[in-house]
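Protein chains in written order, with UniProt numbering: chain A, 1 to 478; chain B, 1 to 478.
Lysine-lysine pairs mimicking BS3-like chemistry, simulated, CA-CA at most 27 Å apart: (1) A/Lys251 - B/Lys303; (2) A/Lys105 - B/Lys85; (3) B/Lys85 - B/Lys440; (4) A/Lys466 - A/Lys200; (5) A/Lys105 - B/Lys105; (6) B/Lys56 - A/Lys314; (7) B/Lys314 - A/Lys63; (8) A/Lys426 - A/Lys476; (9) B/Lys200 - B/Lys442; (10) A/Lys208 - A/Lys409; (11) A/Lys330 - B/Lys251; (12) B/Lys105 - A/Lys83; (13) B/Lys251 - A/Lys28; (14) A/Lys63 - B/Lys28; (15) B/Lys56 - A/Lys56; (16) B/Lys442 - B/Lys426; (17) A/Lys63 - A/Lys200; (18) B/Lys208 - B/Lys226.
Derived from the structure by calculation, the hints contain no laboratory data.
Listed below are the residues making up each chain.
2 protein chains.
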Amino acid sequence: MAKEKKLVEAITSMDVDFAQWYTDVVKKAELIDYSSVRGCMIIKAYGYAIWELIQKDLDRRFKETGHENVYMPLFIPESLLQKEKDHVEGFAPEVAWVTHGGQEKLAERLCVRPTSETLFCEFYSNNIQSYRDLPKLYNQWCSVVRWEKTTRPFLRSLEFLWQEGHTAHATHEEAQEETIRMLNVYADFCENVLAIPMVKGKKTEKEKFAGAQSTYTIESLMHDGKALQSGTTHNFGDGFAKAFEIQYTDKENKLQYVHQTSWGMTTRLIGAVIMVHGDDSGLVLPPAIAPVEVVIVPIMQHKEGVLEKAAELKGRLEKASRVRVDDSDKSPGWKFAEHEMKGVPVRLEIGPKDIEANQAVLVRRDTGEKSIVSLDGIEASVEELLGAIQKNLLEKARAHRDSHTYIAKDMAEFTRILEETPGFIKAMWCGDQACEDEIKEKTSATARCMPFEQERVSDTCVCCGKAAQKMVYWGKSY
Amino acid sequence: MAKEKKLVEAITSMDVDFAQWYTDVVKKAELIDYSSVRGCMIIKAYGYAIWELIQKDLDRRFKETGHENVYMPLFIPESLLQKEKDHVEGFAPEVAWVTHGGQEKLAERLCVRPTSETLFCEFYSNNIQSYRDLPKLYNQWCSVVRWEKTTRPFLRSLEFLWQEGHTAHATHEEAQEETIRMLNVYADFCENVLAIPMVKGKKTEKEKFAGAQSTYTIESLMHDGKALQSGTTHNFGDGFAKAFEIQYTDKENKLQYVHQTSWGMTTRLIGAVIMVHGDDSGLVLPPAIAPVEVVIVPIMQHKEGVLEKAAELKGRLEKASRVRVDDSDKSPGWKFAEHEMKGVPVRLEIGPKDIEANQAVLVRRDTGEKSIVSLDGIEASVEELLGAIQKNLLEKARAHRDSHTYIAKDMAEFTRILEETPGFIKAMWCGDQACEDEIKEKTSATARCMPFEQERVSDTCVCCGKAAQKMVYWGKSY
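Working from the sequences, and respecting the hints, build out all of it.
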């Protein structure tokens, strides 16, 4: 009972303390647990099941766009990491170093991969000779380590799970096409599977990936008005190719450097789902990534026929959905709270009276709406409801984002918005990094991206007042 | 052309130099590549696709037996690794140590997980309170690192991919049931999916896992007569529970220690597939794990209608199988050799004359047999052929193993068999580790297992001549 009490205690309200609310949800929805390794999280079964559904859908999309999975070593020799100058500058300060193997001190330190560009480059330099070997379209599912000072579950941790795509192409144009193609795959996945709308755009020079020629990003807005970088794709041009001498013979028998890309999404997406859809009762999951889409809660389950009916309904519904019967000995009220906390999209209640009336009660997690439906054709009712929930979550998230996207024409406005109603700020920029630095210093907001869909919201840079070059989405971020 | 020549060069014959043949196959079948990190391999797309098929099938079996996937940290603090005495003695000499994070020296060294018992124990000690929390049935897919001195692709590498199941139970009996259940899941998978027959049994005290009360194993016999430990399951009793204080309150409200198990299989299985089924033309894959089950090779593909027919056949066959059309500009003979090297189970040849005759040529990789089949109902012909290949591979492997399993009654016989016709040796053992040590020293053979199916092949220990206790499978091993 002590344990039950602990769980039904209300979690912190998101409007009172969003950070605490987030921490409460990841713990009480049983997504993660802390370990004795600072900044490393344990992804519990329920959290990992969400990741598996994300993986499965993304992996299919990667394969449909011609990519194959491979596996590179966990370790990178220090000399290999150092081959591309910008890359090593960006990553060396935050890697974990292996210095001993067994009882021996290593002749050369190995870093635990923070990302695998250098390993793929070495592989490409050994495996690409001719234009016939191109393109190389690879992806890898693995964990990476970045020695962060402050960490938060899913959002920023020393170790996290991700996928990293790495491709090599004959021309700059092909690499650029790939970079945009995968950004679109990411955005489409986030909208249609995670029900999170994305702003697509290009990162500024200041914000781009270490070693990239250009970085593209999808940015989403969390419930508290902060932005979350949700996925990035990079066009490396031939920078890495020159550092690693990755050359091919073209059709005219001339040596050319390849053009490369990389792109990644991580378990951070689970953090986005929590912070975009969650509420004061806990997690709210889009059906597409819900480990349990429908939980059947038998009412007065000791009465004859109730558990049998629940099992029968499970059998019928699980042809199309992930369904569980909760026949534990907890009270129905307790079960309701627990499955709400875990964000199960649909609760189906079935008791003796319902059975008599040939009906069931369906309760939506997203709106709390109840409906009574006939058991005849309940498959269609549930399927329709799951579709409606998936759609509603995206619409709600879009409405929230749009109503929290503002225009600022000068720094006074910019600052006031961030203080009073945080969200995305659309503002013009002269293109000078000095202004970007100044904005960050004054407001702690950063340039999230230069969106593909440009608008001219004013004629002058929001910071310096000089002629405007680009409209930028600004925001405080995770 | 230089590249083509390199590939069609015959690989070393397996009977001339088995180790070299193995190395040739893993490279030329494009399974792996070496990296600049000693002992770490790059698993290339074709090799990884095999691993994905293995994962998918095993993962389904784990879930069907009630297990859920989780993810534990990559790192283990030195103090945590040291909690269970036998375990740390077994693993500490072969772990990689992280001593620095970013620019800082760590207060405590972290090892890169060689296996995750200690992490699961810490997790259990925080998450198990009552008998209601049991059993805990978890599995993890990840990579682990063991600092081996000599390495071979798939068979023994510094880093390898695996799954590790970790479970906690209320009683010793339940833990024992789980240990045997998962051994059976492993053996069944190996026989029916990898087409490799297994000997199931218990490890001797000398050969058991560091920290286990008892270890069970499935052992297979390679083409060269060496044994390969293919999967192990461990019953830990309450040893780890006592070291980590993992206790639960039973129904009588008394504190009890849990009983734990773990079990693992690795990418080593791919090595087993190579060494059991392969031949002098390269890899031979059982259809169940073949990334391409049927390769369609168009003959005279420039002739009108040939590529169209190949595409049509692909469309028809891929409803049931993994099918590829090889329409590259290489010669048919070159393609044949390449797909043989890669172990594709069925080659389908289709040319203008075949189209005219409404037929195709099917060639089996396992026997080389050709058959001409009608295009009407070719789906059934191919499916039947794939089934026959899967079955034949298992039968061939079983026949090879059985014909290379010998009985030895004394050390003279034992030594002679190992020298002349290496294989499994069934011989009686007194149960004394001194004899095990002596046999290893004299012959380098080890006790592979004490099989569940015991026979009394003689009355006295093969080594010391004292009263026999157990029949043991002995062999040289990888």
